[in-house]
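Q: Same order as they appear, the protein sequences are chains G and E. Going by my numbering, the final residue of the first sequence carries number 197, and the count climbs one at a time with no gaps. Going by my numbering, the final residue of the second sequence carries number 394, and the count climbs one at a time with no gaps.
The set of hints was computed from the structure by calculation and includes no laboratory data. Because the structure is a prediction, the values reported are computed rather than measured. Careful: at least some of the hints might be erroneous.
Stated by the list, open to error - Some, not all, of what chain E presents toward chain G, calculated at C-beta under 8 Å:
{"hint": "1", "residue": "G238"}
{"hint": "2", "residue": "Y241"}
{"hint": "3", "residue": "N242"}
{"hint": "4", "residue": "T312"}
{"hint": "5", "residue": "V315"}
{"hint": "6", "residue": "E342"}
{"hint": "7", "residue": "Q345"}
{"hint": "8", "residue": "T355"}
{"hint": "9", "residue": "I356"}
{"hint": "10", "residue": "S359"}
Where is the CB? At the ideal position from N, CA and C, for every residue including glycine.
2 protein chains.
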Amino acid sequence: MSKAEETKNRIIQQAANLFNQQGYAGSSMSDIMAATGLKKGGIYNHFASKDELAIAAFDFAAQQASQRYLWALKGKRGAIARLKTIIHTFSTSPDEFSIKGGCPLLNTAIESDDTHPVLREKTQTAMYQWRNLIHQIVKKGIEREEIQPKVDPDAVATILISTMEGSLMLTRLYGDRIHMQRAKEHLDHYVEGLQVS
Amino acid sequence: MSKAEETKNRIIQQAANLFNQQGYAGSSMSDIMAATGLKKGGIYNHFASKDELAIAAFDFAAQQASQRYLWALKGKRGAIARLKTIIHTFSTSPDEFSIKGGCPLLNTAIESDDTHPVLREKTQTAMYQWRNLIHQIVKKGIEREEIQPKVDPDAVATILISTMEGSLMLTRLYGDRIHMQRAKEHLDHYVEGLQVS
Chain G
1 MSKAEETKNR IIQQAANLFN QQGYAGSSMS DIMAATGLKK GGIYNHFASK DELAIAAFDF
61 AAQQASQRYL WALKGKRGAI ARLKTIIHTF STSPDEFSIK GGCPLLNTAI ESDDTHPVLR
121 EKTQTAMYQW RNLIHQIVKK GIEREEIQPK VDPDAVATIL ISTMEGSLML TRLYGDRIHM
181 QRAKEHLDHY VEGLQVS
Chain E
198 MSKAEETKNR IIQQAANLFN QQGYAGSSMS DIMAATGLKK GGIYNHFASK DELAIAAFDF
258 AAQQASQRYL WALKGKRGAI ARLKTIIHTF STSPDEFSIK GGCPLLNTAI ESDDTHPVLR
318 EKTQTAMYQW RNLIHQIVKK GIEREEIQPK VDPDAVATIL ISTMEGSLML TRLYGDRIHM
378 QRAKEHLDHY VEGLQVS
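Make the full structure from the sequences, and use the hints.
A: Below, the structure written as structure tokens:
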């Protein structure tokens, strides 16, 4: 990697941490300069605008988040075990996720829905990939007769993601892990109920 | 109500709609001027700062949200019916709620958690009132032997609020009501499962 690429990557990483905590609208150019230790020119050398940096930072954050799941799922067999791995991985997020400020998909969904069409579209795509990961696990589970055939794979994706993201919001609002623990227990039980008995 | 009070209330209402869509950091003084049709001086006549207006606007939005539930619950008897009323009221929110931009508690929780201690505390209190409303219904339901005694009222509050808020996030991200419908079906089923059989 060239020195310029290294600098660019470092800016993206530091901006991702900043944006994920303060939001895109809430992060000024001075905040970005303070977070990266660079002058305005040093940042504009690599990005044409704050928006271009925001998009690169979101892509990086979303990829970091998605990689955690792919790693955790490696070697895990069986639909129920794989769904539980996703639930478990999410519920340990606040401590272990490399980017501060919670889930970048949740944060950017809330911030961009009424204001930023490009980031909204990016978030839709990243969230779709997550929904689709769950959809595929459930679909395969039905094919392999591990999961009841009446189960709707898309509905499982909605319930898992809604409950996890909502409980993360409560956990971060109160600084109290109990909400994510309750969500984990509830979803583990829900997922067990999908099994062919 | 005096003319000054009327103007102040109108500013609060219009600012609540603006902040709930664009966020506090994302709403500039010019945005507030455009939304209210007032000059800067006209706004500063009633509020010492953007922050003071932000807090008044949040209080107004949170009160509007809470009133919807209190109205919907009037005359509803029985813990299961009352919990289902809350779920139903929430799942019709995007169309019927008087303030645009989704749930002010969710939006402000996400925006303020890392950035705005006063708004965060306001959101904690408003969210606590909502959690407590659900807690009290479940507690009474256990006392009246409608709900199983092993059920934890606080856990029910966490699951209902997490799933509803998370599904609202998905519904607004994709402009698709299906996510809230799925959450409603899931929670109706969950709540039915708490009943003494």
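Q: Name the hints, by number, that the structure is in violation of.
A: 1, 2, 3, 5, 6 and 7
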